[in-house]
Amino acid sequence: MDTTGTIFMPPESSTIAGEVDAAFYFIYWASIVLFAIVVGFAALFVLKYRRKKRELTSGVAHNTKLEVAWTLIPTILIVIVFVMGFKGFIKMNVIPKDALEIKVTGQKWFWTFDYPEGVNTVNELVVPVDKAVALTMSSQDVIHSFFVPNFRIKMDVLPNRYSMTWFEATRPGVYDLFCTEFCGKGHSEMIGKVRVVNDREYEEWLEEAAFGGEGMSLEDYGAKLYVSKACVTCHSIDGRIGTGPTFAKVYGHSVRLADGREVMADENYIRKSILEPASEVVAGFQSVMPTYQGILKDREIDALVAFIKSLKDKEGP
Amino acid sequence: MSDSPAVHYLNEQKGWKSWLLTLDHKRIGILYLYSIMAAFLLGGVFAVLIRLELLHPGQQYMEADTYNQFFTLHGAIMIFLFIIPSIPAALGNFVLPLMIGAKDVAFPRLNLLSWYIYIVGALVALYSIFAGAVDTGWTFYTPYSTESATTVVPMTLAVFILGFSSIFTGVNFIATIHKLRTPGMTWFKMPLFVWGLYATAIIQVLATPVIGITTLLLILERTMLIGIFDPAMGGDPVLFQHFFWFYSHPAVYIMILPGMGIISELISTFSHKKIFGYKAIAYSSLGIAFVSFLVWGHHMFVAGQSELAAVIFSFLTFFVGIPSGIKVFNWVATMYKGSITLQTPMWYALSFLFLFTIGGLTGIFLGTLSVDVHLHDTYFVVAHFHYVMMGGTVMAFLGGLHYWWPKMWGRMYNEKWAKISVALIFIGFNITFFSQFIMGSQGMPRRYYNYLDQYQPLHAFSTYGSWILGLGFIVMAVYLIHSLFKGKQAPKNPWESLTMEWVTNSPPIHHNFEETPKLTHEPYDYDKVLAEKN
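Chains as they are written, first to last, in this note's numbering: chain A, 46 to 362; chain B, 2 to 535.
By construction, these hints were calculated from the structure, which means they are not laboratory data.
C-beta: ideal position from N, C-alpha, C; glycine also.
Careful: at least some of the hints might be erroneous.
To be verified - Distance condition first, Cα-Cα at most 25 angstroms in a straight line; then the derived DMTMM-like pairs of lysine to aspartate or glutamate:
hint	chain 1	residue 1	chain 2	residue 2
1	A	K230	A	E146
2	A	K294	B	E64
3	A	K97	B	D526
Stated by the list, open to error - Here are some of the chain A residues that sit facing chain B, going by a computed Cβ distance under 8 angstroms:
hint	residue
4	E64
5	S76
6	F90
7	G104
8	L203
9	K342
10	R344
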């Protein structure tokens with residue numbers, strides 16, 4: 046297994062990656078040979094047959110043996126390549142029976158992962174190493190696509206049907222997760238991580254994730270959720286304007302809405318903005334935030350409110 | 002000695018009316034040439050701006066929405082306003098009747114109408130840019146395009162209108178090639194560029210109505226809320242992708258087939274040698290045109306179509322590779338024992354061979370199911386289609402433009418500056434796009450405004466390349482415009498070509514030939530003609 050990556054490919058970190066790379070490199074070397082033949086002969090002929098005087102040229106325009114060879118050899122190569130790709134593709138599409146099942150939801154512009162244990166996470170998929178993980182995916186809005194380069198898997202995430210994919214990670218580590226179907230303004234911010242851990246760490250993580258921040262102050266817990274629930278994708282805490290308004294100096298200040306009203310940003314305003322984002326859109330911004338109803342528990346909302354409250358006097362950059 | 006007649010198609014009539022109401026295929030070709038060059042400039046400016054924004058991660062010069070609009074406009078303008086009409090409507094219009102010894106195309110009025118339809122389509126597209134440019138990507142995927150607040154309707158309407166222009170040109174060329182060949186020019190005595198245009202015209206006529214209907218359905222969905230593609234209204238978004246690629250994959254061959262035709266002309270002409278495997282090349286064009294209708298699903302291996310469909314589409318896709326490969330081998334074999342001269346058009350032909358071979362071979366990666374799952378929608382795909390569309394079609398177009406330039410204007414361009422320009426374009430192109438293969442297979446998704454730090458060095462490299470590429474085109478613009486006014490008088494046949502457009506004067510008279518030209522030899526009989534002359 047290639048664990049360091051090559052100039053073309055990132056390190057292999059799933060059971061399927063080796064097979065994909067084998068097909069990639071078979072085509073790669075065959076292409077280099079074919080390319081060298083085409084360009085090599087073209088260059089040779091240009092050098093060798095540069096016109097010196099007005100030479101006569103031959104009228105020969107056929108060579109059956111040559112023509113059969115350059116039709117047949119590529120055809121054989123292509124059949125081999127097709128079969129390699131076909132085999133890998135079938136493996137990618139046959140989900141092992143004992144796989145850990147996780148529900149993936151894509152929406153503008155973050156990923157939500159629902160675990161059978163009732164835990165959910167945003168933009169971070171934590172999975173045990175050496176265990177097949179089956180993903181049942183759907184979208185809340187437009188088409189997204191789930192891509193983990195290190196695993197060599199990709200599958201579109203559709204609004205009107207479930208799509209499936211699976212992987213088995215072979216090495217602990219943190220891997221990039223990209224959305225690869227253009228989905229609007231925040232498309233390139235729709236980036237998550239896949240964290241592969243060993244079994245013991247996974248069990249610990251599940252427990253902690255189910256726990257809900259006990260022992261932390263609401264404000265600290267909110268700061269953690271701000272990142273882990275992907276608020277950070279659109280809302281800054283330093284006054285910068287993102288896809289959404291900044292959280293700095295919001296609480297306790299008056300906010301002008303798109304419909305012209307002015308409201309005071311208090312606890313209830315913040316809570317409503319999280320659960321019904323379309324109801325009170327801030328002037329100058331588009332109504333693109335999805336509802337967090339069902340994604341956040343009450344204590345998590347309390348924590349986020351406390352966190353935003355703590356930023357009421359924060360100075361900008 | 003000058004081969005320029007005192008009265009020719011450029012000066013026979015004067016005034017803007019004589020151009021805007023002309024029925025002369027040569028003048029219509031020139032009108033198209035001006036139009037597509039304007040589109041190429043606009044699309045190119047967007048390209049340079051996109052690359053500039055991507056020099057570093059995070060916001061550089063523009064907002065995410067602006068960036069999304071720019072890459073959409075770059076794609077839509079380059080595809081619908083530049084590449085599709087470039088070779089057939091501009092160069093094809095000019096040389097097709099000349100090459101087959103005809104006075105004009107079969108339907109000159111339809112020809113002029115097709116240009117006016119193109120202009121209307123282009124104006125609607127321009128309107129859509131100023132009224133709040135579209136941000137969906139040139140592929141207009143639903144349901145994003147159903148929801149987007151930008152001007153999706155005008156832009157798709159423009160695509161709908163431009164389709165008619167393309168269909169009319171196709172119909173016109175099919176009729177012209179069937180009916181107006183000079184006596185004695187049988188099908189297998191036609192120049193291969195004519196075969197390329199013929200295969201292209203068939204695709205234009207059969208496939209373009211599908212994009213017309215698809216964009217119309219999208220417009221109906223947006224304006225009348227009829228649920229066709231948007232699941233929120235009971236539609237199916239993947240249906241849109243099927244419809245879209247049913248046109249847009251064959252459209253790739255609308256773009257490349259005429260380019261392959263030009264390359265056949267250039268390689269044979271500048272090798273002064275009979276083309277190798279004439280019939281294989283001619284049949285390959287038709288073979289590619291036919292198979293191109295059966296491969297659209299290879300754009301959708303991870304889109305949720307059935308696995309069986311994906312497997313069949315993958316298998317069929319490889320069979321487009323074979324005839325393309327055969328053509329490449331035939332071109333190289335043509336050069337064997339040739340008498341090769343290296344004027345500018347041949348530099349373009351050799352650049353084409355180099356770049357298109359890379360473009361074609363990287364297509365094999367993408368046709369392979371398991372590998373495509375990894376590479377789909379990454380910069381690898383972006384690099385692949387730029388190697389095919391720009392390394393292939395645009396190089397062939399520029400080769401053809403430099404080849405027929407003396408015929409069009411009766412003037413030569415500066416050979417030295419032309420070579421500097423082609424070298425800059427070749428080097429800049431490879432720097433810009435080869436780096437994108439690597440970042441793509443490393444996982445960099447396409448259509449990203451922002452990106453992770455690990456991709457920065459390759460992005461920067463690519464952006465530097467785009468500057469060299471842009472410089473090459475600026476040099477070209479300067480020496481080509483210079484040649485229009487100060488270029489040396491062109492002889493009838495500066496390249497010793499054997500096809501019929503070189504029999505008449507440069508520039509040709511209004512009716513092309515003084516009398517119906519006689520076919521004294523086949524288009525690539527260099528062996529016989531050179532022997533007679535010596």
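Legend entry - Interface hint status, A:R344 versus chain B (Cβ within 8 angstroms): With a minimum Cβ separation of about 32 angstroms from chain B (threshold 8 angstroms), the hint on A:R344 is violated.
Q.
Against the 25 angstroms threshold, does the CA-CA distance of A:K97 and B:D526 hold or violate the hint?
A. holds (20 angstroms)
At a threshold of 8 angstroms, is the proposed contact between A:G104 and chain B supported by beta-carbon distances? holds (3 angstroms)
key: Interface restraint verdict for A:S76 against chain B (beta-carbon cut-off 8 angstroms)   = holds (4 angstroms)
Quiz prompt | Interface hint status, A:K342 versus chain B (Cβ within 8 angstroms) | solution = Not OK, violated: A:K342 not within 8 angstroms of chain B, min 28 angstroms.
Next on the checklist: So, as I understand it, the hint says A:L203 touches chain B; can you test that by seeing if any CB pair is closer than 8 angstroms?
Outcome noted: Cβ of A:L203 sits 6 angstroms from chain B, so the hint holds.
Straight-line Cα separation of A:K230 and A:E146 no greater than 25 angstroms? violated (31 angstroms)
Does B:E64 sit within 25 angstroms of A:K294, going by the straight-line distance between their CA atoms? holds (23 angstroms)
ask   = Is the hint on A:F90 kept, meaning its closest Cβ partner in chain B is under 8 angstroms away?
value = holds (4 angstroms)
Holds or violated: is there a CB of chain B closer than 8 angstroms to the CB of A:E64? holds (7 angstroms)
Hint compliance for this structure: hints 1, 9, 10 are not met, and every other hint is.
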